[in-house]
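The primary structure of each chain is shown beneath.
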Amino acid sequence: MEFLYDIPGLGYVFQLLGYLVDQLLTTNLPARTLFFSTPLALGALCGVMCERSGIVNIGIEGLMLTAAFVGFMAAMLVSEAMPDAEPSGVFGATPALLVGVLAAILAGMAVSALHAWMSISVRADQIITGTAIIIIAFGLTGYLNRLISPSGSAGAFKTFVPPEWMAGIPIIGWIAENVLSVGPISLSVLIFVPILQILLFRSRWGLRTRAVGEHPRAADTVGVDVIRLRYRNVILGGIFAGLAGGWLTLEANASFQNGMTANRGFIALAAVIFGRWTPLGSFGGALLFGFSEAIGIAIRSDPPPGDLGTWLSGIQASYPSLYNNAFSALPYILTIIVLAGVVGRSIPPAAVGRPYVKEGAN
Amino acid sequence: MLNSLAAFVLIGLVNDIFRIQGPTFARTADVGNAKLPLWFDQDGIFQMAIALTLAALAYVLIYRTTLGFEIRTTGANPSAARYAGMSPRRLTVLTLSMCGLFAGLAGAIEILSLGYYPAVFGTTIGFAGITVALLGRANPIGIVLAALLLGGMRAGAPAMQITADIPIEIIDLIQGLILLFLAAEVVIRRLLRIRAERVTPGELQTVSRSYGQGTAA
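One line per chain: the protein sequences are E and D, in this order.
Position 214, counted from 1, in the first sequence is what the working numbering calls 214; the numbers after and before it change by one each time, with no gaps.
Position 128, counted from 1, in the second sequence is what the working numbering calls 490; the numbers after and before it change by one each time, with no gaps.
One should not assume that every hint holds.
As the list claims (entries may be wrong) - Residues from chain E that keep clear of chain D, each with C-beta distances beyond 10 Å, as calculated: (1) 16; (2) 122; (3) 125; (4) 138; (5) 146; (6) 161; (7) 163; (8) 174; (9) 194; (10) 223; (11) 311; (12) 318.
Said to hold, decoys possible - Facing chain E, a subset of chain D residues (Cβ under 8 Å, in silico): (13) 371; (14) 378; (15) 382; (16) 496; (17) 497; (18) 534; (19) 538; (20) 541; (21) 542.
As the list claims (entries may be wrong) - A few chain D residues facing chain E, derived, Cβ under 7 Å: (22) 366; (23) 368; (24) 370; (25) 377.
Hint data in this document are derived by calculation from the structure and do not stem from the laboratory.
Glycine included, each C-beta is placed from N, C-alpha and C at the ideal position.
The task is simple: from the sequences and hints, build the whole structure.
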């Protein structure tokens, strides 16, 4: 195989492929991919829940940021109240962290409920409401963060460490060590995605949700309560956005910074479109973006060997900042390429963005 | 998405290629005589003159020319526009390009007033622009008034932070609330018992009607 590396020009491609395979098999790159795609996947699940029932939720970014702040503050307050709590063996969970996750979920649901009320009952423009929620979330969390300027921290969840008997089994051991060595919120994605996929396409609730998203009038005619179902879906979708916020301040970091969502809510929306409004597909999209983030870090910290590595480190030596920023920009570039061309024309639920007015009501 | 991309690329460019030695932070060289003039010894007069002139031009373009009529028709009802022989696709590309013209000018004015480009040039002016456009009800005259309101808040915020210890982020909060109340116009009217105008806010509705429906081919 080595001779492939020496082909002029094309050799770089084979070297990159060899490096990727090597990284995927021998390092914890798969786990880091899962880790980075977690907030995107959770945000995308929120998007799928809302948009399948006909509500555009562009404010996922705002939900995440609010949840991140509320979760962090709640965890910090509890940890100050009970400083002696021992972290448990699994994930290093403390009461503070658990309360933080709960608070983040509740915050996500609360802001989601505001969006639901604005879009369903008030029948306001859903894109404007979503944008307003983003701006308010940035303003409110930034304002409170500077006002309170929290000094403490409740710490963060620890990653899953497989027990020794498990690490010894051939394939399962590899999966446990290189794929599953992430925190609890990241692991929960692996449970939520298939459950939601099955529910959406194989359950009564899923059928009704899709009907309401495609043709609310028809769904109403056969007795589905459109308004109630939309409220329920949007508010339940807030759970996922809230968890994504919790991931930011309780798993990935142990602190809160203003605007720390860094457009993840928007990338999640791109993942929804990429996955054509299915949970499994948008998880695939999230994995793609998460992988580009993880590989960017891997290349910088552990550069590929051979010609490719020499070439890359040459660039790094002459343009250090451009080199670093190019890798930081990788997920965004990928998002734009994916949205612009690769996916092709994707068709959203037909009734998305349109408030439902019952026949005969004002 | 493009926001972050542009920020990353520019930070890299300024740090690696255009950086000058001397200042403690990464910035480009001075723009020299391209710096905007100070009229009446006041910062901002010249910039406001540009903005007002352009607002007047935009008003004429939108309400007094054939092109403006076509743009408004396409916005209100793309199908009707196509039926009447206009090309919604061409008009969309054209208006987006003109939008880029105005946005580019906004950036140029910012930098040419400052006199150099700092590597980290974070601003929320773009987001504030959305609020201004909606508050001004997509009308150039309304936009001038709305911009004065938000610009005034922005100008006063640093002083407020220093003297009264109120974090500057409250400006964003107020902006978001303005946007939210604009969207909830119907409810506010009902609450305050203001009789609704005969015309329902059609302009606000168009935004999401176009969402995900693809371009009218």
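Since residue 223 of chain E was said not to touch the interface, does its Cβ keep a gap of more than 10 Å from each Cβ of chain D? Nearest chain D Cβ is 28 Å from residue 223 of chain E, so the label holds.
Would you say residue 16 of chain E is clear of chain D, with no C-beta pair closer than or equal to 10 Å? For residue 16 of chain E, whose nearest Cβ neighbour in chain D is about 21 Å away, the distance exceeds 10 Å, so it holds.
Hint validation: residue 377 of chain D versus chain E, beta carbon distance must be below 7 Å. Holds or violated? 3 Å, holds
Supplied contact hint for residue 538 of chain D, tested at 8 Å Cβ to chain E: Holds. Min distance 3 Å.
Separation of residue 163 of chain E from chain D, once the least beta-carbon distance is taken, above 10 Å: 40 Å, holds
Does the no-contact call for residue 122 of chain E survive, Cβ to all of chain D over 10 Å? 5 Å, violated
Beyond 10 Å from chain D, beta-carbon-wise, is residue 161 of chain E? The claim holds: residue 161 of chain E sits with its nearest Cβ about 34 Å from chain D, beyond 10 Å.
Please check whether the beta-carbon of residue 311 of chain E is more than 10 Å away from every beta-carbon in chain D. Residue 311 of chain E clear of chain D: closest Cβ-Cβ about 17 Å, beyond 10 Å.
For the hint on residue 370 of chain D, just tell me whether its beta-carbon gets within less than 7 Å of chain E. Holds. Min distance 4 Å.
Take the shortest C-beta to C-beta distance between residue 534 of chain D and chain E; is it under 8 Å? With a closest approach of 3 Å, the residue 534 of chain D hint holds.
Restraint: residue 366 of chain D near chain E, CB-CB cut 7 Å. Satisfied or not? Interface hint status for residue 366 of chain D: holds (5 Å vs cutoff 7 Å).
So, as I understand it, the hint says residue 496 of chain D touches chain E; can you test that by seeing if any CB pair is closer than 8 Å? Because about 7 Å separates residue 496 of chain D from the closest Cβ in chain E, which is inside the 8 Å limit, the hint holds.
The structure fails to meet hints 2, 3, 4, 5, 12, 15, 17 and 23 from the earlier list, while all remaining hints are met.
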